[in-house]
Amino acid sequence: MSAHGLSGPGLRLDRLPRRRRINHVMESLAWLAAAVAVAILGVVVWSIARKGSSELNLDLLTKPPIPFSLTNAPQGLSNAFAGTLVIVGLATAMALPVGILVAVYLNEFATPAIRTSVGLVLDVLAGVPAIVIGIFVFVLLVEGSGQSALKGAFALAILMLPFVARTTIEVLALVPNSLREASLGLGIPHWRTTLSIVLPRAVGGILTGTVLAVARVAGETAPLLFTSSLAGTQTSWNPTHALQTVPVAIFELSESADPKDHARAWAAGFILLLFILFAGLTARWLATRNARKVAGR
Amino acid sequence: MSAADVNAGPARRPFTGRRVRFGDVSLQVVAGAAALGATVLVGLIVWKLVDGSHLALSKFGLGFVTRVAWNPVIGHELYGAGSFIFGTVITSLFALLLAAPLAIGVALFLTELAPRTLRAPVTALVETLAAVPSVLLGLWGILVLGPALRTHVEPWLHSALGFIPLFGPPSTAGASIFTAIVVLAIMILPIVSSISRELFLGVPSELKEGALALGTTRWEMVRGVVFPYARGGVVAALILGLGRALGEAIAVTQVIGGGVFIHWSLFSGGDTLGSKIAESYQGASTNLQSSALIYLGLILLVLSLAANIAAQWIVRKVARKHGVTRGGHA
Amino acid sequence: MPRIGTSIRIVSAFAAAALLAVVVAGTADAQAARHATTLSGAGSTFVAPLVSQWIAPIGAAYGIELQYSAIGSGGGVAAITSRTVDFGASDAPLTPDQFSACKGCVQIPWALGATSVMYNLPGVKNLLHMDGPTLAKIFSGQIAKWNDPAIAKLNKGVSLPSTAITIAHRSDNSGTTFNLTDYLSSVSKSWATRYGRGVAVGWPVGVGGKGSSGVAGIVSSTPGAIGYADVAYALQSHLKYFAMKNNSGKFTTPGSRGILAAASSDQKPAADNSLSIVNPPKKYGNAYPISTFTYVIAPLQSSKAADLKHFLFWAVTKGQTGPYTAKLRFVPLPKSVLVVAEKAIAKIHS
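So the sequence lines, in the order shown, correspond to chains A, B and C.
Be aware that the first sequence starts at 64, since it is given in the working numbering, and climbs by one per residue.
Be aware that the second sequence starts at 14, since it is given in the working numbering, and climbs by one per residue.
Be aware that the third sequence starts at 7, since it is given in the working numbering, and climbs by one per residue.
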């Protein structure tokens with residue numbers, strides 16, 4: 064290990080006051096950086112929380128929007144919340160099995176060469192910007208045949224896949240090999256071992272990864288702009304239609320001139336943020352419980 | 014399953030050790046198909062993008078990448094990515110410049126300087142910000158940040174530093190490249206900060222304590238032990254943050270103001286690759302225009318992949334150097 | 007079987023139940039949807055306020071669920087061309103190339119309105135005077151301040167501040183842009199040669215907003231801003247707008263009188279059913295010079311032909327009446343245009 068400036072004349076005691084001064088300056092800079100960062104982040108979070116919570120009302124979840132309303136009839140974003148539930152739910156249903164299967168293949172069957180290359184593929188997939196995924200799914204599925212919630216869910220599933228796969232790979236690797244060998248030694252076939260013995264051990268971690276992936280895509284706007292944005296105002300749960308979603312609704316409302324639209328956007332955004340934070344906390348809680356259980360064994 | 018089943022195969026076949034069962038093969042095939050599917054997906058993304066931009070590729074070729082133009086007037090259509098690549102590079106680099114010292118400062122603060130009581134709240138704050146969806150940050154940018162920058166910060170910067178062409182006349186509508194830079198910096202900060210913090214925490218304490226025992230000041234210890242040890246990882250974190258900024262389209266399109274030409278003033282409007290696509294894609298009126306937009310997406314994909322692969326490569330190099338296998342997290 | 011923690015069981019059960027509920031609701035909804043038709047349309051933000059008023063009555067009259075996404079005229083044309091929607095809406099008439107790309111589409115005028123040029127100037131009155139050539143200079147950046155002599159000359163007696171003018175234009179492909187640039191091209195030769203008319207032009211100055219509401223948003227939040235959008239947006243956002251000088255020298259406003267007078271300048275739709283009423287000649291003394299018809303682009307052959315025809319017939323007749331149009335400053339279609347529209351709608355078949 065090369066430690067710069069730690070050897071030689073630098074440490075002489077007569078240089079000490081200068082070194083102490085430099086140290087003090089640097090520590091102050093670090094405090095300053097932290098203070099500035101905390102101030103900025105604090106302002107962002109506080110203003111979002113304040114604006115969002117002041118506009119919260121139940122109408123947001125129960126009433127549909129009334130575009131260009133000439134009266135002051137109560138309106139909300141019920142179609143967007145329903146659509147988000149449907150699309151995120153479908154995306155999870157698509158990404159979860161595929162992600163688990165990919166992880167199972169890499170962990171249980173693949174040669175090290177395949178493991179590195181598919182691992183690289185997953186990393187590359189994770190680095191594709193969401194808007195590029197949106198263009199891709201548009202060109203692949205939407206062009207010529209129309210938008211739908213299913214196609215939007217497919218786009219989100221592509222975003223979720225690397226997360227789910229990577230977390231599952233990590234927890235599968237944590238399952239001790241002795242368990243597998245014992246099972247095989249008992250004559251249980253490989254496939255049964257994987258499905259009935261290895262996977263259940265990893266369920267906690269898989270769930271954590273899924274919840275994190277859900278938190279990640281619940282706020283995604285770009286892929287949905289291309290796949291599920293031309294939607295109606297009435298609340299619908301039909302996945303074959305394009306459904307409005309909360310992020311897209313916020314995006315559209317943010318460009319409006321009407322302060323009432325802004326109010327609904329803040330409130331919906333606040334609810335979305337709370338949901339994402341809640342999902343993150345759930346994932347952390349699951350992870351610690353899992354770790355405690357594994358360690359406690 | 015009983016032990017008897019193990020030998021229940023054809024009696025004449027000797028025990029070879031590995032029985033090929035239907036279940037095993039099925040699982041391997043299905044799981045392998047999933048893995049293959051993921052690989053094919055990446056190839057499919059590249060292929061569909063190249064295919065979709067074919068019209069623009071054949072009409073404009075590689076000159077598209079440097080041309081500064083975006084004229085959708087039918088009959089005189091001319092497109093080029095020059096100003097958007099410029100916008101992407103400027104916004105991402107300046108955002109990184111703004112966020113990096115703050116993020117590393119926060120990480121150092123949390124690992125070395127913070128009293129125990131401050132550590133949890135500050136960490137929670139950074140992670141809360143990481144959870145804010147980009148569209149919500151964009152909303153905040155339009156309604157809170159933009160007006161604040163326009164009224165207070167930009168005029169001050171222009172009067173103090175107006176001799177630098179970067180700080181031209183303040184924007185009148187609050188939407189500008191500068192606003193986009195600040196929003197992107199706020200987005201990158203949590204990523205770089207979290208990864209840096211993990212890296213600084215991962216420096217073996219014996220090394221740090223050894224240096225301190227030799228009589229170094231804390232700053233000298235950080236400079237001599239922590240930074241060299243974590244340097245590769247921090248660079249990777251910066252590149253990952255850069256990749257995030259490159260790919261961000263939604264928050265940027267909400268606050269950047271729009272514009273086709275390259276202006277040196279940060280307070281003018283502009284567009285990045287992502288923001289141009291987000292803004293124009295739904296309304297592309299000709300096939301050539303859609304194709305040009307997909308071409309922009311292709312360029313964006315190449316840039317993001319380059320950043321990501323660079324980060325991954327550095328992570329692997331660093332992992333090898335430290336002899337540690339850490340799962341790289343984006 | 008190893009123990010799966012109770013907490014994990016509970017979370018998984020909850021998630022599975024939620025997923026199941028969503029799937030059941032989705033299937034049930036899909037079943038219900040088969041009995042009610044949805045007509046989805048996209049396009050012009052100009053006509054969006056009017057179309058939104060039609061949603062409820064159409065649902066009541068025919069059981070059709072009307073969905074309209076205001077993504078701009080360019081987007082509407084693109085959407086109907088790729089048949090992503092059942093009908094498109096555009097204020098800019100289709101070019102021959104767009105007609106052939108659309109493969110069997112018909113263009114039908116279905117509303118008549120005007121583009122207002124809105125401004126935000128605190129302390130100054132509404133309905134400032136403005137004329138075409140000056141407006142062209144403003145939009146091309148040659149006039150950059152409110153107290154410019156050209157503006158002052160038109161508004162003698164009004165004290166104009168030295169605020170800088172911020173132009174708010176459309177960032178997306180917009181029929182309203184087409185309407186405005188059509189007008190600017192006809193009143194200013196230099197605008198016609200340098201920027202021309204189109205759903206998008208190379209704006210030399212200004213900030214881009216998405217959709218008419220985006221432009222209205224920029225104008226309402228930026229003192230000194232000038233933008234353009236259908237007059238309904240100016241009314242809804244409480245924005246001031248100019249009284250424009252027409253060719254007879256009168257300063258007219260985007261109201262029913264001005265629009266109707268402009269519409270009388272072109273009573274005969276062309277072969278593709280388009281009309282041009284921008285900058286009418288002198289004899290239409292009360293005309294507002296930036297008025298426009300707006301069109302629905304429908305496929306001649308559609309699986310939803312019956313519902314589409316119900317909707318469109320209603321739109322060009324009942325949908326033009328006072329309760330829907332008056333507050334938004336849309337004007338009922340003139341008789342001659344109505345006849346052509348109905349003939350075109352009748353051509354739609356399954």
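FYI, nobody ran anything at the bench for these hints, they're computed from the structure.
Just to be clear, a hint being listed does not mean it is correct.
[Stated by the list, open to error] To give a feel for the contact side, a few chain C residues facing chain A, derived at Cβ under 7 Å:
id, residue
1, S58
2, A62
3, S219
4, K315
5, P329
[Stated by the list, open to error] Each computed SDA-like pair below joins lysine to any residue, with the alpha-carbon atoms no more than 20 Å apart:
id, chain 1, residue 1, chain 2, residue 2
6, B, K61, C, K162
7, C, K162, C, S88
8, B, K61, A, A354
Each residue gets a CB set at the ideal place from its N, CA and C atoms; glycine is no exception.
Check each numbered hint from earlier against the structure, then list the numbers of those it violates in ascending order.
Numbers 2, 4, 5, 6, 7, 8, in rising order.
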